[in-house]
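As you go down the protein sequences, you meet chains R and A in turn.
Counting in numbering that gives the first Met the number 0, the first sequence runs from 0 upward without gaps.
Counting in numbering that gives the first Met the number 0, the second sequence runs from 0 upward without gaps.
The hints are simulated quantities; they were obtained by calculation from the structure and are not laboratory data.
This structure is a prediction, so every number in the text was calculated from the model and none was measured.
One or more hints might be untrue.
[What the hints assert, rightly or not] Here are the simulated DMTMM-like cross-link-like pairs (lysine to aspartate or glutamate), alpha carbons at most 25 Å apart as the crow flies: (1) A:130 to R:88; (2) R:151 to A:98; (3) R:151 to A:112; (4) R:143 to A:104; (5) A:130 to A:112; (6) R:227 to A:112; (7) R:312 to R:278; (8) A:154 to A:65; (9) R:143 to R:126; (10) A:96 to R:108; (11) R:241 to R:275; (12) R:215 to A:105; (13) R:46 to R:168; (14) R:227 to A:98; (15) R:151 to R:168.
[To be verified] Away from chain A, derived, C-beta distances all over 12 Å, residues of chain R: (16) 64; (17) 109; (18) 113; (19) 115; (20) 221; (21) 223; (22) 257; (23) 295; (24) 298; (25) 316.
[Claimed, not checked] A partial selection of chain R residues facing chain A, derived with a Cβ cut-off under 8 Å: (26) 219; (27) 224; (28) 225.
Using N, Cα and C, we set each Cβ at its ideal position, and we do this for glycine too.
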Amino acid sequence: MAKITFDGIQIEVADGSTILQAARQIGGSIVPPAMCYYSTLKGTGGKCRACLVKVTAGSEKDPRPMPKLVASCITPVQDGMIVENTLNEEVLSTRKSIVEFLLINHPLDCPICDQAGECDLQNFAFEHGNVKQRYEEERREFDKIDIGQYIKLHMTRCILCYRCVYTADQLTEKRVHGVMNRGDAAEISTYIANSIENDFSGNIIDVCPVGALTDKTFRFANRVWFTKPVDAHRNCDKCSGKVVLWYRGNDVLRVTARKNEYNEVIDFICNTCRFEKKETSDWTIEGPRKIERTSVISQGHYLEGTQVADFTKRVAQEQYKNIDDLPVQPPRQLSPDTAR
Amino acid sequence: MQLSNRTKKIEPKPLNFWERMYLPVIFQGLNITIKHLFKKKATIRYPEVKRELSPVFRGLHILKRDAQGRERCTACGLCALACPAEAISMLSAERTKEEKHLYREEKYAAVYEVNMLRCIFCGLCEEACPKAAIYLQKDKFAPAFFGREEVIYGKDRLVESVTNRAKVGLDQ
Chain R
0 MAKITFDGIQ IEVADGSTIL QAARQIGGSI VPPAMCYYST LKGTGGKCRA CLVKVTAGSE
60 KDPRPMPKLV ASCITPVQDG MIVENTLNEE VLSTRKSIVE FLLINHPLDC PICDQAGECD
120 LQNFAFEHGN VKQRYEEERR EFDKIDIGQY IKLHMTRCIL CYRCVYTADQ LTEKRVHGVM
180 NRGDAAEIST YIANSIENDF SGNIIDVCPV GALTDKTFRF ANRVWFTKPV DAHRNCDKCS
240 GKVVLWYRGN DVLRVTARKN EYNEVIDFIC NTCRFEKKET SDWTIEGPRK IERTSVISQG
300 HYLEGTQVAD FTKRVAQEQY KNIDDLPVQP PRQLSPDTAR
Chain A
0 MQLSNRTKKI EPKPLNFWER MYLPVIFQGL NITIKHLFKK KATIRYPEVK RELSPVFRGL
60 HILKRDAQGR ERCTACGLCA LACPAEAISM LSAERTKEEK HLYREEKYAA VYEVNMLRCI
120 FCGLCEEACP KAAIYLQKDK FAPAFFGREE VIYGKDRLVE SVTNRAKVGL DQ
């Protein structure tokens, strides 16, 4: 076990776990954002740099700070490590630059994109990014590619997180897509336009943090926030069969796997469940899915415990000015007579 | 019947001589009436003369086209999301190659409906629109209607005509 301090909170985690895993054990708003790391896939992480943190003391034996910010998703913890995330100005300003870098080639076509509303990059940019971009040069553009019967690839939107490559590697036996070329020219592609025919290929739609890989059966069908998520399951011989159905009225528009609070798939589902079972009669309904109140998907559902998004509070706090030209009046005592 | 214990009984005072004559108060009233004959009228002759609308007036919705006459709306749903009265609904569709001159983006609103009974003309849809597509016109009222089926405005009545362009927002 290793004892570390993350943002002033002490926690004991298993040896060999990463800083990000330790932060997730604490939970809440201090957890660094992650665009490429995927807890259920081996080898992911270290590519998007969204989770950079400052290590102010390396370990108990060697308490020197690490010279540069480190990616928390691939840096293992050491006993006595002190990590700063939201407390460190450098981390926050770097994160702003990371957003800017990720958005350099991103087309920002959210009004069209089917991922909008549940997009990791959208959330990341909203939480940490600047309102304005400085990039004025031409963005790279690709043609849309149909990979397989059900999946459409918008390479323009891709941020090269490699999640789909790891998914294909670890879920299936023969991976037929990957990252081709290097550096600026790198792109996700199927080998000589090979289509992905595997039974679990649909999962690359779910793991994609942006709208690069989208469901063709849901393409432009509706905005995510107008659909109603419902937990359901069915007996499937290939997968666990535990899914979320996205309803509009009585129609199932889309079937996805269930995700945890960090938008990571818990149980991967097969293509039969995802693309072919779109009737309510195919499923056993468990009940409405709980959606975080701060998510746009919960719009129009007037539930108790309404929470204001952090963003508005932050703006209010920044703009708050103390007005001290009036003496503070003591609250008037209400007698039962005047209270009437 | 007494509603509360705070009722006050008022005893009217007996009228004096001038008050019993009533003439002074009658002339006082007539004086006010005659004064108003020479004042500026508060009303206007409506159908012939119309009042100037406020520069921030929000009237009937319009779905703008761009300079090339293509529809700007891409059915992103943000207007419907922002709408506090839930008056807007839409269905999107994908643009085909032949329709490139009709719609600006690859996705467009196949159906776009505003329920004028629900709409409160708050202008939040206009503010939410990322494509500068929907506007509330500054010089046009939503007309009165005679049947409920006229209330829901579809694209046939909302989309700007190509020949007769409307001036809205920054155009003015």
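Identify every previously stated hint that the structure contradicts and give their numbers, smallest first. 1, 3, 7, 9, 14, 17, 18, 19, 20, 21, 23 and 24
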